[in-house]
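Taken in order, these protein sequences are the chains called A, B and C. Using my numbering, read the first sequence as starting at 6 and increasing by one per residue. Using my numbering, read the second sequence as starting at 1446 and increasing by one per residue. Using my numbering, read the third sequence as starting at -19 and increasing by one per residue.
Hints in this document: simulated from the structure, not taken from any laboratory. Only a predicted model underlies this, so the values are computations on that prediction, with no experimental measurement involved. The beta-carbon is built from N, C-alpha and C at its ideal position, and this holds for glycine as well. Hints are supplied without guarantee of correctness; some may be wrong.
Label-pair restraints from in silico Cβ distances [said to hold, decoys possible]:
id	chain 1	residue 1	chain 2	residue 2	range
1	B	Gly1537	A	Tyr208	23 to 31 Å
2	B	Ser1667	A	His140	31 to 39 Å
3	A	Gly94	B	Arg1642	22 to 30 Å
4	A	Glu44	B	Ser1555	50 to 58 Å
5	B	Asn1669	A	Arg184	35 to 43 Å
6	C	Glu102	A	Glu19	46 to 54 Å
7	B	Val1499	A	Arg174	57 to 65 Å
8	C	Gly22	B	Ser1667	45 to 53 Å
9	C	Glu93	A	Glu19	25 to 33 Å
10	A	Gly133	B	Arg1744	52 to 60 Å
11	B	Ile1726	C	Gly22	22 to 30 Å
12	C	Arg60	B	Asn1527	40 to 48 Å
13	B	Ser1502	A	Glu81	38 to 46 Å
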Amino acid sequence: MIVGERKPLSIVIENLSPWRKILVLGCGTCVTVCMSGGEKEAQEVAAILRLRGFQARALTIERQCEMEFNRKFAEEINREEVVLSLACGIGVQILSDLFPQKPIFPGVNTTFMGAPIVQGLWEERCSGCGDCIVHLFGNICPVTRCAKSLLNGPCGGSQKGKCEVKPERDCAWQLIYDRMREQGRLEELLRIHPPKDWSSSRYGGQRKMLREDVYL
Amino acid sequence: MSFLQKLLKSGTFVVTAEVGPPKGCERSVIEKKCRELFDYVDAVNVTDNQTAIVRLSSFASSLIARECGVEPVMQMVCRDRNRIALQSDFLGACALGIENFLCLTGDHQSMGNHPHSKNVFDIDSIQLLQILSDLRDKKVFQNGEAVKGEIRAFLGAGENPFADPMEFRVYRLAKKIEAGAQFIQTQAVFDLEPFARFMEEVRAMKLHERAFILAGVIPVKSLNAIRYMQSEVPGLVIPPFLVERMEKARDPKEEGIAMCVEIIEAVKKIEGVRGVHIMAIAWESVVPEIVVRSGLYPRPKRG
Amino acid sequence: MKIASLGCDKSGFPALLRFLAEYPQYRMDVTAVPCLGMVNEGMMLQAFENGYRGLLLAGCPIESCHNQKGSHYALLKAERVNTLLEEAKLPMRVTCALLTMDKIAEIKRALDELLPFLKEREQ
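One chain only, chain A, in its complex shape (with noise of 0.2 Å):
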């Protein structure tokens, strides 16, 4: 899932300050589940800025990433001068796609892509490098989870568990080197990995996925 955290409400009415007419679009989907833009986070945001003097009113829509879903709501949108959307940055976009001549402005940071691991707690996990390896480093992936996206084995500053750039975050490496010896897969390790062809990432730019079979 896509992870995000609510914007500090200070800059949010930094940016809305010029306008007076708000629609608080919380999205349904992600960033419900990771509690920054879901209904109960529009309500809240909608009644923080009407203390402020907005004329602002809360509405959600199930998944703002998807063009139908944002369609059945023009009416409620076209009524007021702004949004501001709770969604990802995915879903403030495809929203702004469908509406261009409304100014829409975010609500959330988005952070990263990543699962809750216990209630309050998200990480994570993936960074889209578009050539998944993980099946190498016993399933955890080195690109996302080390500092330094390191494939060939820990860096120098590994110490008992724990990230020398993060100590509260656990050593990708450690963790790789852990699975794997319980796997009995270890002399994988030894392998040196060549460079990463990273032209599949988004160093080569924005990224499109077209299906022919499917397209319409």
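Starting from the structure of chain A, add chains B and C where the hints point.
Okay, now just chains B and C, sitting in the frame of chain A:
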């Protein structure tokens, strides 16, 4: 062949030291350090924006060291440059007569003085070793295209025998040697017992026959310095008894030098250790005394 | 300045009533709830939208909450609402008093902290 490589091949127990470039463009800083070290070391490591703090580049500093008559080991880290820039700088350095290279991954930018920057980490140190050795031996760039000209380069890598997962360290060293490392400079040795154990594993895998291993040492200047290194510097393991020793010392500087000399004498006796690398960070002036007191002076004459 | 209070009917609510009887100089509206755990951020913000400047949540001590985690969550939610208000530079605040029904001094302490704060913010 570089002077450092020649000495190692001839079986000489070598001495290298670290020269940190200044936070500015004064070449005199490097010249002064090189003058101090000239008679006492065989080569100097020139660090590449060490601890992610912006300094005079290792490439330019290496050239300045070379002009001072001291052979540089140019450090290259993967944090700031991708495979295009690293290959290009390597060729440039070769063209200007730099012959020793130390391939490192590099400290993370968040530990340095520009923590808001992006990092690169297009490749890691092992991949860099592979790329540079292929440029030299197979005469190809990383993409397989031919490279022109004769490349003379002596390639090295670092290794930290004291980091976790400890059991994997010797295998990581093997990967570095497999990828093309001809010499290794280790993280600073303070605790001899785990280092001896590491070297035992090295010998069991006969890695000491495939690469020259130089033990790193750090002279400690004060009690604060050793405490700082013990608690704040990732990758350094300092046993408590050494901290105690500094606590009790009447003359901490003298104690630090004595400790360093003892460690050098001890690692010299370990089979497979072919030299020492003295990292006297911000205390380069102590290196001559350490070299003399360790019985490593005079150094062989440069050719 | 209007102050609202929500009191758990097992502790906070009777304590609030006793407090107001004993200290008539303090004025606030009192509402009973079954447990502080049911008071959510939306309700707190609603109180402010209804014109209250301060909100006092009075309920059982954390360890004796009849619903185990009710008071614990109330504290966290109150803190979250205060963070939102702070970020939005709004002058309203929520405060909590966790007590058994006879410990009305705790209510006085909470109000004596809250009221000067609100007054200061009002200017």
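For each hint, the structure was consulted:
{"no.": "1", "hint": "Gly1537/B <-> Tyr208/A: 23 to 31 Å", "in the structure": "24 Å, holds"}
{"no.": "2", "hint": "Ser1667/B <-> His140/A: 31 to 39 Å", "in the structure": "50 Å, violated"}
{"no.": "3", "hint": "Gly94/A <-> Arg1642/B: 22 to 30 Å", "in the structure": "50 Å, violated"}
{"no.": "4", "hint": "Glu44/A <-> Ser1555/B: 50 to 58 Å", "in the structure": "36 Å, violated"}
{"no.": "5", "hint": "Asn1669/B <-> Arg184/A: 35 to 43 Å", "in the structure": "40 Å, holds"}
{"no.": "6", "hint": "Glu102/C <-> Glu19/A: 46 to 54 Å", "in the structure": "23 Å, violated"}
{"no.": "7", "hint": "Val1499/B <-> Arg174/A: 57 to 65 Å", "in the structure": "25 Å, violated"}
{"no.": "8", "hint": "Gly22/C <-> Ser1667/B: 45 to 53 Å", "in the structure": "58 Å, violated"}
{"no.": "9", "hint": "Glu93/C <-> Glu19/A: 25 to 33 Å", "in the structure": "30 Å, holds"}
{"no.": "10", "hint": "Gly133/A <-> Arg1744/B: 52 to 60 Å", "in the structure": "53 Å, holds"}
{"no.": "11", "hint": "Ile1726/B <-> Gly22/C: 22 to 30 Å", "in the structure": "57 Å, violated"}
{"no.": "12", "hint": "Arg60/C <-> Asn1527/B: 40 to 48 Å", "in the structure": "43 Å, holds"}
{"no.": "13", "hint": "Ser1502/B <-> Glu81/A: 38 to 46 Å", "in the structure": "58 Å, violated"}
The structure shown violates the earlier hints numbered 2, 3, 4, 6, 7, 8, 11 and 13.
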